[in-house]
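Engineer: Next come the chains, spelled out residue by residue.
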Amino acid sequence: MKAVLFQLLQALLLVVLAPLAAGFVATCKARLQNRRGAGLLQPWRNLRKLFGKEVVLAAHASWIFRVAPYVVFTATVMAASVVPALLVSTPLSLTADVIALVALLALARFFLALAGMDIGTAFGGMGASREMTFSALAEPAMLMSVFVLSLGAHSTNLTTMISHTLDTPLVLQPSIAFALVAMLMIALAENGRIPVDNPTTHLELTMVHEAMILEYSGRHLALMEWAAMIKLLLFATLILDLFFPWGMATDAGLMAMLLALLCWLLKLAVLLLLLAVCETSLAKLRLFEVPEFLSTAFVLAFLGLLIHYMLEVSL
Amino acid sequence: MNSMTLALAACAAALLPSVLMPLTPQSLRRALMCMMLFSSGVLAMAAGVLGLVQPDVATTLPLGLPWLPMHVRVDALGAFFLLVIGSLTAPVAIYSQGYLRHEPRIGVLMIFLPLFVLGMLGVVIADDAFSFMLFWELMSVSSWFLVTFEHTRAENRKAGFIYLLMAHLAGLLILGSFAVLYAAGGAFTFAAMRSAELSPLWASVAFLLAAFGFGTKAGVMPMHGWLPDAHPVAPSNASALMSGIMLKVAVFGFIRVIWDLLGSGDFQWWWGALVLAAGSSSAVSGVLFALQQHNLKRLLAYHSIENIGIILIGLGLAMLLAAFAHPLLAALGLIAALYHTINHAQFKGLLFMGAGAVLHSTGSRDMESMGALIHRMPVTAACFLVACISISALPPFNGFVSEWLTFQTALMAPQLGGAMLTAIVPFSAAMLALAGALAATCFVKVFGVVFLGHARSEAAANAHEVDAWMKLGMIIPAIFCALLGLLPVVFIPLLDAVPVALLHISLADAVHGQGWLWLAPIDASHASYSAPLALAGMLLLGGLAWWWLHPAGGRIRKGPMWSCGNPHVHARMQYNATSFSQPLRRIFQGVLQADEHVHTERPVHALLTRHVRHAVHVGDPAVKWLYQPLGALTLKLARHLHQAHQSSIHAWLGWTFATILLLLAVFT
Amino acid sequence: MMLFVATLLSPLAGGLLLGWMNHSKLAARLNILTGVTTFVCSLLLALQVLADDHFDALGGWFHLDAYNVFLIVLTAFVGMTTTIFSAPYMQHELEHGRVDARRMRLYHSMFQLFQLGMLLGFTTNNIGVLWVSLELATLATVLLVSLYRTPASIAAAWKYFILCGMGIALALFGTVLIFFTSSSVLGHGNEALTWTLLLQHASELDPAVMTVAFCFLMVGYGTKVGLAPMHAWLPDAHGEGPTPVSAVLSGLLLNLALYALVRCKMLVDGATASELAGHMMMGFGMVSLLVAAFSLHQQRDIKRMFSFSSIEHMGLMTFAFGIGTQLASFAALLHMTVHSLVKSGIFFTVGHAAQAMGTQKMAQIRGLIRHHPGIGWGLLIGTAAIAGFPPFGVFTSEFLLFTAALHTHPWTCVVLLLGLLIAMAGLFRAVQPMVYGEVPEQAVPVQVNMLPVYIHFALALLLGLSIPVFLASWYDEAAALIISTSVEVTIL
Amino acid sequence: MTGSFTLQLVNGLAALMLLVSFALLAQHRILSVLHWFALQGVLLAATAGIVAWGTDNHELYISAIMTLLLKGALLPWLLWRAVMQLHVHREIEPLMNSTVTMLMALAVTLFSFHIVQPIEQMSALITRNSMAIATACMLLGMLMMITRKKAITQVVGFLAVENSLFFAAIGATNGMPLVVEIGVAFDVLIAALIFGLFFFQIRTTFDSLEVDAMQQSLREDDEA
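Protein chains in written order, with the working numbering: chain R, 14 to 328; chain V, 114 to 781; chain S, 63 to 554; chain Y, 2 to 225.
So here's chain R without its partners, still in its complex pose (with noise of 0.2 Å):
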């Protein structure tokens, strides 16, 4: 019952911190390109502003463009929500293993693609046909990744393979290389960074993410925007623990928890960091040299599994 409250409260963080972490690469970002930036708090202030603000609706905008909003946050919610951040054993994992977060996840883009298809202009079906393409061909590469590391677990279910990764003596596994670099770039496109995106364009007809919910405004504008947010948290946090999940907490103390905060919020500082580090030193990828990134990253993944295969199921 008490882990149960747990991660509760670690879903509430998630989600309460993830303007605070866009926030935080914004910052870096301009303090890397000698700007002082908005602040970290800049992302609340909009939200609320957005909040705030009354809804302009398209004259025959259908339900689905209303209800997309919703769906949209409360499905990348549930998602973050199943994603241990400072607990291991967090009972309501269970409701939904690696391969159920990434299918919620679609679902929200799936409504995401759908909402800008709604009002029907022109660039709302381009943001959407890129969407879903880029993602079609993340998603194979994403599943591969996380393939690599269930197999040394045997288990898509998160716990169990952080716990395993605790287990395990630390030993230099090539497979596990090869799939985080693989996740890295996943990571980047899911969340419409560059070099696939540029989530800070508007009206270029080169944007992907923001095309869709050009017609947003209001509170639903804040939803979309917050649940975008989310989502940047929630796969740093997934990164950190698949791969980096030392000092995670074990059990419900009080005492370990803290602990495990201080280290979360120091690994995510990090991930972080290293994102706003490459958004600016790299330039935004041509449209269709995304395909290319991405098959990059399957290759690797997949180069991961054979390796695993190869070399250390013997071992």
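Hints were generated in silico from the structure; no laboratory data involved. Errors might be hidden in some of the hints.
Computed from the model, here is a short list of chain Y residues facing chain S with C-beta under 8 Å [to be verified]:
1) I116
2) V162
3) L166
4) A170
5) L190
6) A192
7) D222
8) D223
Cut-off 27 Å, straight-line C-alpha distance, at most; resulting in silico cross-link-like pairs (DSSO-like, lysine-lysine) [as the list claims (entries may be wrong)]:
9) V/K671 <-> R/K62
10) R/K297 <-> R/K42
11) V/K271 <-> S/K423
12) V/K749 <-> V/K737
13) R/K66 <-> V/K737
One side only, chain S facing chain V, incomplete, derived with CB under 8 Å [said to hold, decoys possible]:
14) Y210
15) M228
16) G229
17) F278
18) A487
19) Y498
Where a beta carbon is used, it is the ideal one built from N, C-alpha and C, also for glycine.
Given the structure of chain R, go ahead and fit chains V, S and Y onto it with the hints provided.
Structural biologist: Chains V, S and Y alone, transformed into the frame defined by chain R:
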């Protein structure tokens, strides 16, 4: 009251309309046919459920060959497929009541639609090779009459011809595999064939014949070429049955012959590998070609190919695992395949019915002329959306459950002799993931282009919602999709009888050891999924969000769309089916071989464009590389023979003369 | 005995009578009457034979056993339905001036004489007389084929006459050879040609001579069966003759030739105690199947096309008899029955279709279902039946044949599979456009008599769904008679 | 016992039969073809008579007379009448030139000897050797049907085949049973009559007796 009585009653109900047709007045035909079909469907479902929980029931009918009365038997496998057939036939029957309202040539349908269902039911309960083939071919022929129903259009006739040809080929191949089993077992009854002892070589021959026979009928790449032509041209209620069930009956035959008669005992590893490869290729290429279609029903037909591929991936994994003696995982794979079978029956039937409803109210199959139908046909749109989410394998609907189970099978597959072979398994799983994601893409396109945005034509703008019968016919499978997706733990134990019969191992305790809430194959620590919890959580969150935001933003101002400041967008400026799939077309050009022409008129100046015409054609490789060459070869030979036939009488006397000399020389 | 005599006499008397009858309508009725009497007599005769399993008539000149008596009934039945069909058909031809009263007389009498030849051939116990009666039937049909006196019909008749004459001569030589060896065993009397005696003493006949003899018989009777490469006469004869004649040619005459061939095979098997004859027949069967299957794709004339389908099915039967196992012979006999029924039914339909569209050219026959549903559906169902789709009997026999073939000669199944598939494709490629689509303008309404057609198809359907027990046992007996002792079954 | 004498006679006649068959094949003019054909009939009758005498088998006398009347007189006369009325007693051009035909004929004869010689040995009959000859004659007759263009010569070839069959029946097996003989003879007669009928029809419809003309009409009818 046992399952057999019900099954036979279902058959009788399906037979009745075609017998009574000449006696029934035109006005009563539709009602009678639909009533009979509906009762047949319900009876079949009842028989299926009973058969899954009861022990096998077998009997013989006074038909068939003199020394071989028609053996029929309802066992677990058959019962499950009875359930599948019934669960779609009943709603389709209701749907037809509305769909055929203004159909003048109802008589033809009244004969062949029920006969078609009868054929499928018969195949499922047949217990000897002869009656199996009898019903099988009955199914093929009667469905051919449905495909050529609109026979005044030449392309329909062509589609029908190729369909019948491939069906016949499939039938002959299957006949071949039965002949092998007969030669080994010495009798036509399945019992004898089960007990037959085959040498590995002949077992493989039987396997290959059966695999290609049923594969052709199921539309597995690369034998699938007939399918995208045949399914769209039939009346939509018939297409729903063909895509929804008939392909499943082919899957049934595959399992019956290869798992049951040949026996899971003597699987050879490469069988599973072959099936796995075929499944993966069908899954991916099916959806890739589906993405490039703009004829709604044709697109759906290609998706049937994809889903058959997914089922085959499950079966292939299971066969591979069984060959390496991992019965528990094999059972899991089998369950996954079966579950996807019933799921696909539901959502594909629903999709075809939805397409039929759209066709009914806009008079068009072409997606490029649709749009904004969600406003005109809300119920249809809602049901269609459910089906779209299901087929895209997204929670909380049923498609996701079966694909999730397939993934689990692939993931838990342990080391199977050789890294090469072992690596195939996760690779096929990745292909499955790709197929799933592409399917999601495809159905965003379908739903977005057909139901959302602005209407692209007058017909679409003035579309009307369909009548109550058709609505009801679509709502029922939609509910099934939801139930199958939310309560897999309730349904899967029903299926458990099948692996028990085929692999002598039960998954029941493994599946819901965690209680009804959790779907945890093998063990919760391995993997688990709880659709009810997920849905409950989402509803809770959504409710909270709404309740929290509503007072704040009660105000909603309707206005023109923004569209980056240019609200005057013509409907033709929307992304349509072709443009939506353009990125993927460009990425997979190597596979699709699409020929794309852009013709730009610049009459005045190189910078002043008057017209831009854009034409894309994506042909089917199977037709191009397999069917057409073979047809050409046949015609060539035929032409030579025909010329020879017209040669003079002397030549033919010479032939006779030469023949006798040859015989004398050879035989003495 | 009286029954038997009546069975033979009624066509003879009818033929002679019809030869002098000028009134065409009356003649048609008499023709039907004769057919009916013949059928009734044969039916009673069959029951009698069933009662005591075989009997010899007229001092051993005639012999009836399970094998031939059902063929007699079949012949009489198809003959009867053909007379029923031909009444309106020939009337239509007469009205459209394609034949005159004299020809009608010729037609009627020759038709009955043909029947006589058939029945004689089936019943006789003397292989010499068998040859004679087959020749008689041939000559009768030659006159029938050339009935219209158009250049093409005369040419076709000539081709038929010359090719079959040559073939039949070879068959006679084979018979002489049999006599040549049997006379040293059974003396120079009729005994040396009496089939039952020959069969008893088959083992004493000289294998070498019998082998040579069978080569001649194979080619000789094979020509009349329509086996490739001696089949050239068949499509033209079918295409140019009146439709009733095509019907009985395909439905009956080919059967008689095959019957004769099988009778001889039984002797040769007895003498040589090897599968040689069987292999020969299987070879011809497969070649014919393939040749016919491919030829089906290039036909322009509807009757020619269906005659090629006859070649295909005769090939199948020859193949089946060649295999020679119980199952195969059963399949062959069943196939013979259903093929006769369905094919003659198809030819009836085709005849009406040609009259309705005023041409035999398939390119100009369109939209039959729209124009005359009876004809359209008849043609469609018939084609489906002949192409081997259930629930018609052809499917049953092909199913059995296939399994039997795999039982003994697995590799031949590939040829069978290919042949059947290509043949089916050829048939439907041609038939589908004819029955479907819009009606061309040259179509004229016809008064048709589809009753025989549907009777035939109904029987074929019955045989496909469930074979009556007595018929099955009948086939079994016959198969047991035919079955060659020297076939070993390869167990997989 | 006159067996040996009969044997010599029959063998002699057999040799003559072969000669006649070659002669038939070699002819260019229809009338001479008919003459040789008549001669063949007579030879046949003679053989029948001799064998009848040698084995004193009375049935054979009947068939001998029958043969003489039918094949020695009636059929040649019918054909001759046809030729006269149709005015086709002119040169007939064979399909392939005669030397080739002759060579083929020789080859065929050798072949038939090769086939039939061994099986003759088992026969106890005095006249068994003529079986090989008969076979050869038959094959030669077929060759004639193949290599001739005119309908009439085809018919003569057909009848020649019949003759050789008959010769085989008598020479090699001392005659088939009478019923069969009569039946065969009857059929041949009818056949000849029908042939005769046909000549006139063919002549009237195609105004030539060229077989190819007929084939042409068939082709046109099929193509049309």
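Engineer: For each hint, tell me whether it holds in the structure or not.
Structural biologist: Quick rundown of the hints versus the structure:
no.	hint	verdict
1	I116	6 Å, holds
2	V162	5 Å, holds
3	L166	5 Å, holds
4	A170	5 Å, holds
5	L190	10 Å, violated
6	A192	6 Å, holds
7	D222	4 Å, holds
8	D223	6 Å, holds
9	V/K671 <-> R/K62	20 Å, holds
10	R/K297 <-> R/K42	15 Å, holds
11	V/K271 <-> S/K423	20 Å, holds
12	V/K749 <-> V/K737	17 Å, holds
13	R/K66 <-> V/K737	58 Å, violated
14	Y210	20 Å, violated
15	M228	6 Å, holds
16	G229	6 Å, holds
17	F278	7 Å, holds
18	A487	5 Å, holds
19	Y498	4 Å, holds
Of the numbered hints listed earlier, those contradicted by the structure are 5, 13 and 14.
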